[in-house]
Every structure is written in structure tokens, then in C-alpha cells.
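> Going line by line, the protein sequences match chains P and U.
Numbering of the first sequence is given in the working numbering, commencing with residue 144 and proceeding in unit increments.
Numbering of the second sequence is given in the working numbering, commencing with residue 2 and proceeding in unit increments.
Fair warning: there could be bad hints in the mix.
Counterexamples of contact, computed for chain P against chain U with all Cβ distances above 10 Å [stated by the list, open to error]:
(1) Ala178
(2) Gly231
(3) Phe276
(4) Met336
(5) Val342
(6) Leu343
(7) Thr353
(8) Pro357
(9) Ala361
(10) Trp410
(11) Ser436
Some but not every residue of chain P turned toward chain U, in silico, with C-beta under 10 Å [as the list claims (entries may be wrong)]:
(12) Gly304
(13) Thr307
(14) Arg345
(15) Arg347
Footprint (simulated), chain P over chain U, 3 or more residues, beta carbon under 8 Å [said to hold, decoys possible]:
(16) 394 to 400
(17) 404 to 411
For the record, the hints were derived by calculation from the structure and aren't laboratory data.
Since the model is a prediction, treat every value here as computed from it, not as a measurement.
Quick reminder that beta carbons are idealized off the backbone N, C-alpha and C, glycines included.
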Amino acid sequence: MSILEPALPSVDPVLNPHTARKARPGGTFARQIAAHIPWVVSTAVLLFFVLAAIAPNLLAPVDPLAINPSEAFSAPGAGHLLGTDESGRDIYSRIVHGSRASLLIGAAATGIGLSLALVLGTIAGFGGRWLDFGVGRILEVLFALPGLLLALVFIALAGPGVATTVIAVGLTTAPGYARMIRAQIIALRTSPMVEAATVLGRSRTRILTTHILPNALAPIAVLATLGLGQAILWAASLSFLGLGAPPPAPEWGTMLSAGRTYLVLAWWMTLFPGLAIVLVAAAATVLSRSLKSRGPR
Amino acid sequence: MSAGEPVLRVENLNVSFGGRNVVSGVSFTVHPGECLALVGESGSGKSVTARSLIGLAGPGSLVQVETLDVAGRDARNVSQRSWRAIRGKHVGLILQDALTSLDPLRKIGKEIDDALRIHSGLSGAQRAARVMELLDTVGLDDPIRRAAQRSGELSGGMRQRALIASAIAWDPQLVIADEPTTALDATIAASVMARLGELRQTGSGMLLISHDLATVANVADSIAVMQAGRIVERGPKEQVLNDPQHPYTRALLAAVPAGKPRFTRLSPAVDTPATSSHQPAKIVSAQSELASPGEVAAQGEAADVVLPVLSARGLCKSFPLAGKANFRAVHSVDFELLPGRTLGVVGESGSGKTTTARIALGLIKPDAGDVRLFGEPWSAVPESGRRSRRSSLGAIYQDPLSSFDPRLSTGSLLADALSSGATRNPRSHSKRINELLEMVGLEQDVAARNPARLSGGQRQRLAIARALAPDPRVLICDEPVSALDVSIQAQVLDLLDELQQRLGLSYLFISHDLSVIRHMSDDVLVMRSGEVVESGATEAVFTAPQHQYTRELLAAAPPLLRGR
């Protein structure tokens, strides 16, 4: 029988008064602080990039487009914090100035994805059996195609550029959100809460707008934070492939792409834009996770 | 029998969670063949007490005890490993929810076989024979077939019996049963309880935990009443039930609705602001039980020609099951609810009570038959035609919290309910909200709180306030007190009584609890498998039941509930 015992640290609940020990209060306090560290760090990272997007000149006064061939390929150091690229442009300044484009693309793409999903999800969840069936099949087709492929097809049809990138990324994220919104709406539609509202004499439209949608969107908003990081990553991938912002622009994906040629000569040209992408995406993910664990039931 | 060495002796048990005392200074003994019932409302510490006795107090708990002898051994410093040897072999544990206590993927026979194998050297064939014997002992028909079924294929009563079988597999000296019949229907609970009572004849001691004095009254030899972590009264069953000493025990007994005529108060009179600040609650004595005040009620007595506020004729509803079969939820149900009166609907789970209520509320369409509200077509018209008349029909549910929008505070919830009438001025809302809160006995500061932070009783009061917001004439109450402790149940029932008299409301009152129905209703419908088997004036049905099923249902209620 003893072989079946799990090797868990078993706490003995029945304690003799003499062997009883109190939990040290300091331990739990330190643990509480430790639990907050990821949250605080990711908030700080996001705040930095949001500030960079709003007022880049405050954080990096140097012009991100100013060419200075004599200082090309300078290593990170005193003059240029994160080094310079092949034309002598300051990498730090370019990353700071590039955050506006990256964050905007991420936010706009997520926004497009969510809006599209809201329409599709509401139609499917609230529109009756046939509409649900129709939308469901469309979503399944979209799901069957790899997201990047879908974005590439759209860009191939609409031509490259920032606007198309945003729409392409929004399109690829929409089916996932749409499915979640549909599931939320269906669960809420049959809930006692909606039944109570019906008994009070509410119309379907009013129930949808005041009870179902706000409650369905609360958990989706948390997921959208997660999606923001993902969208930035997608946009950077498309720029890296040369389908997003055109080269001189300080866009992170474009910078990565440009640095790739000089990877052996000037590693900082690739490392730091890449790091910026990773930091923002990771911070958004961590923040989303902790929002989720704190969120409403 | 009780002369032997006690199978359980506890002295001065204290349990705390994070510095908060949950159980303090609890002592008792259980002798072989004796059944001690530990009775208390939720939060009284009765379950924690039981769990601490067998090393299951849970993480974060601190258990201190002077003496703890379980099945003849000192159990104060037993390691988790040794506990496993004691539990099952010497102590059997039966929990409330057999569905979660049994592994859904394993056959019942296998489950019991495991309990045997862990502690014994019996051969496979011996164990198989013992499994059959056990299933037979707990009263499961056709043991061979049952042993091959999984818990999902069994009904609630069968599952509970299977759980009892695995708990007593090894003839434990002590059986601890924590709310063993709370989740079961009355007739099934009665037979499971009787089965538990028989276990004592084999010499096992039993500790029976329940929130309900009435259900333990049949089986227990002695009763200990717990309140806020302490035993406030303990003694032989007859003494505790007939001559309670502690005020809390008396309040618990007074809260039992059985045998209390219509409109007699179940809870102490001072508990709600509504009764103290408003006009004194009109408490009508049993003799004048039909003379409910209120204009509508007065009309109700005047003559037989009075129109029912809500009536149903020949209601039928079936739901498709997997495959081709249909589940007949409701079949040719008729009823009439007269103004100012209460029509009780009683039946066990699956009898069609809730489906009837949902049809009456216009939430589902009947397959046949129709519902009329104030004599006008109700179920036959489309929702758009019902909407303007919905204000005259309100509803309260068993779980009020799930019927509230989680984003709204108590105040906004009421404001939302008030805003349906387009004519109302939003400014008058705050006045009306305070009025509603006062009417149901809630303090005004509750308005700013989230309903999730209210107690169960407060939530149900809030649900009543919301239902009353559009000034309805009829309330449909679907198991409104089943989730509440008996003393809170008493308060809510008193509130419903008081509101009925003050506002002249009519209730369609649904409950599985016979004593609640008898206390609340003027007329009653007894339902089984979707059909009304008996209906009539409440007292007539309860004192002279005509249908066999009604008699069975009444017989299953513990004597305390039958009104002694």
C-alpha cells in the first residue's frame, strides 16, 4: 500500500497544542510582493513604450532618420546607446520613434479583429440557428488556413503597406475572437439573468445591449490584451518580409529585416529591435494573464 | 449496547483557519450502536468538526484537541499516511454529493472492490461476493447489474446508496455521514436515512451531520446543536426536540414551518426594519386565515365567480431527448390562481414543477393548452404582445445571484428593474429604490454594494425587491427558500407572507418541501412525472390525501415535518 503514497509534503492537520506552530507573517508578505513583481515590471515596460509612442522626442531627441555615414555601424556605447545602423542612424532613437507605428499597428489590428468578431459572434450567437450555422462554417474555413498565409493572400490582393498590414492582421485574428464571443453570448442567452430580464419585460435588443454584450465582452477585453502582443508580432513579421512599412521608416520589423544583412558585422542592428518586439509582446501577455486572474467571475 | 468503549471521544476540539476560530471547545462521545446528530446552520462549524476528526481539516487549518480517540486509538498525532489506514477500515465517511465523491469513469462494483482491496487480504472471488452483499445491504435492487454501472448511470438515491456501501465495506466501527440526504428527494431521502439507521444494529457508532433538525430526528439517539463553532445544546433526542433549553435551539425549532398555520410568524419579530418602521405587520391568527387583508383578497372571498389572476388549461410540454424519444416534462396540467391567494406546487425533482412555472412565465411555449393572465390569453400570444403586460407578473428563483447582472450593484439592479415603465421619472427612482429596500427589510446602505457580497438571505430579499419593482399582482416563486438555512428560510417566508397581506399579491409557490408548501399555500397541486396527481385545499390534501403518491410523499417526511 505504501507504494501508492504520493510524494507530497503532507501537512499534518491534527496537531498537538505543543507542536503547533504559527505561520510567519513575514513570509506571506514577501510572497505577496513577489506575486506582484511580474505585473509591475510588465506595466512599466508597456508604459515606457506607450510614452515613446505618444511623445518620442521626450525619450529620444535625436532624429531617427538623420543620416551620418561617418558614424555607420558604431557599436553600442556612450555616443549611441544602442549603436547605429548602416547609414549611421541612431538605433535607440529609431526604436523609440518606431514604437508608435508598432503599437498603432497592433492596436488597430486588434481593434479591427475585435469589431469584425463582435459582428460575426453576435450574429452567430443571437441570430438563430441558420445564421449560426452559416457564420460557423465561414469561421471554420478561416480557421483552416494558417493565419500568416491568410494575411499574405490578403496583402497579395490588396498590395503591401501599413494599412493593408493592419487589415490583414485584423482579419487573421478575428475568427478566434468571434468564436469566443459567440460562446459567451450563447451561454449568457440562456442564463437565469437574461430570463429575469425577459420576465421584467425587456426587449431582445435591450437585453442584448445592456446585459449580454457587456458581460460577454469583459473576458474578451482581457484576451484582447493578449492579442495585442500577438498582433504586434504579426505586423513585425509582415514588415520583416518587406510587406509592411517601407525601409527608411523606423518600424521594428523593417529594422530587423535591414539588420539581417549585417548580422555578423553589427549584431545590435537586429538584437535591439527584436528585443523591443519581445518585450512588448511579453509584457502584454503577462499583463493579460494577471488581469485574467483578477478579473470578474 | 452503548455501554461499550466509545468509538469516538473528542474533548476540547479547536479548529482555526488563519487565526480565525471556526470550532471552539467542542467535546462529545459516540458509543457503539449510538447515533449522534450534529446539527447547525451553514458556517456553524459542523462539517469542519467532522473533517478534523479524521485528519481532513484541509490546508491552512490548525487543529488543537485535548483528547481524540477514534475507533479505540489515540488519533492526535497520526500522520496522513496512517490516517489512510484508519479511514475506510475503521471509519467510514459518507458525503453529501455522491456524484463528486464517486469516480465517474469507474464502475460502482469496482469502486467498492477497491475499498475492500486496500484494507484486506480477501481473494478476488471473496471480494466480489462481498460487493454483492454490500449492494444488497444498502438496498440497491439487482446488485449484479448495478455493480457494472458507472455513477453517471445511477440516480441520486442509488449513488448515495453506492457511496454508503463503499463506506461500510469494511464494517467500520464509526460512520461519519455529512449531510447524506440533503441532495435527495423526500421519499428517497427517507429510505436512505432508514438504511443508515439500520447500520447501527451492527454495532457501528454514527456521527450524523445535518443542517436540518427534522431529518435527523428519526435516526439520531442524541442531538448536539452547534452555533458559531460551539455546541450550545446537547442531549437525548426527545429532550432536545421537546424541551429545548438554549434560545438558539428554540429558534431553530420555531423556524421549522411544519405544523404552523398560514401567516404565523416563523422568525423572531424584531429582525427586519420593515416590521419595525412600517405599519405593524398584520399577523393574522390561524382562525381567520382566509381573511387576508387587502382589497383584492377581500374580493377573492366574496363569491365563487371571482376571476383567477392566472389560470392554465391542459398544459403539455415535451423536450426531445437523444435519439427519437421525447421527454414528457408536463402533461395536461390545469390550475387556477385566485387573487390574494397562494397556490402551492409540490413534487420531487423531475416532476415538472419548474417547467410549469416557466410556461406560466411565458418563457417557454407549451405544446398544447394555454395560460391566461387576468382572463386574457398569455401563452398563446407572441412575446411582443406579452411585453407590455409583463409588469403584472414577477418571478423569484432558487438562486437569486445568478439572476442578477454581475456588473450591477444592488441599487443599479433595482433602478434597472424600475426603468422598464417608460413613464417613470428617473429622479423618483432613488426614492422608490429606498422604498423597495425597506419593504423587503434591507438597509439602505445595501444599495451601493454588489449583490455577490450579500448573504443568501439578503440576496433573496433583493430578488423579491426587484420582482416587486414593476408593481406586479402575481409572483411566481420557484423554490425560493430551498438554498437557505432554516432560520433564514423562516425570515424569507415571513416576508413573503407579510408582502402578500400588504400588497394583496397572488403567489404561485413551487417547492419540494412539504412543510414549506403546507405553511405557505391556500391550495396545493401535487405533481409527479409531469402530471398533477392531486389538487385541492391545502389542509384537505394534507390531512386526507386521496392519491397513493401523496400518501407516500407525506409518509416520507420526518415526523417533525408532519407537524407532530
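> Would you mind marking each hint as holding or not holding in the structure?
Structure-based check of all given hints:
Its beta-carbon lying about 17 Å from the closest one in chain U, Ala178(P) satisfies the requirement of being farther than 10 Å from that chain. Annotated as non-interface, Gly231(P) keeps its C-beta farther than 10 Å from every C-beta of chain U; the closest such distance is 55 Å. Even its closest Cβ contact with chain U, about 18 Å, leaves Phe276(P) beyond 10 Å, as expected for a residue assigned away from the interface. Listed as outside the interface, Met336(P) is inconsistent with that label: its C-beta sits roughly 6 Å from the nearest C-beta of chain U, within the 10 Å cut-off.
The non-interface label for Val342(P) is inconsistent with chain U: the shortest C-beta to C-beta separation is roughly 5 Å, within 10 Å. At the 10 Å boundary, the C-beta of Leu343(P) falls inside the reach of chain U, the nearest C-beta of that chain being 6 Å off. With a least beta-carbon separation of about 7 Å from chain U, Thr353(P) fails to lie farther than 10 Å from that chain, contradicting its non-interface assignment. The non-interface label for Pro357(P) is inconsistent with chain U: the shortest C-beta to C-beta separation is roughly 6 Å, within 10 Å.
Separation of Ala361(P) from chain U is inadequate, the least Cβ-Cβ distance of about 8 Å not exceeding the 10 Å criterion. Against the 10 Å criterion, Trp410(P) stays outside the reach of chain U, whose nearest CB is about 50 Å from its own CB. For Ser436(P), the shortest C-beta to C-beta distance to chain U comes to about 17 Å, beyond the 10 Å cut-off, and the non-interface label holds. This hint is violated: Gly304(P) has a C-beta 40 Å from the nearest C-beta of chain U, more than the 10 Å allowed.
A distance limit of 10 Å between C-beta atoms decides the matter here; for Thr307(P) the minimum to chain U is near 38 Å, and the interface restraint is violated. Taken as an interface hint, Arg345(P) checks out: its beta carbon lies about 7 Å from the nearest beta carbon of chain U, inside 10 Å. Annotation: interface hint on Arg347(P) holds; nearest CB of chain U at approximately 8 Å, less than 10 Å. Chain P is given as covering the segment 394 to 400 of chain U, and this holds because 5 residues of the stretch bring a CB closer than 8 Å to a CB of that chain, at least three being needed.
For the segment 404 to 411 of chain U, the assignment as covered by chain P holds, since 5 residues bring a beta-carbon within under 8 Å of that chain's beta-carbons and 3 suffice.
This entry does not satisfy hints 4, 5, 6, 7, 8, 9, 12 and 13, going by the numbered hints stated previously.
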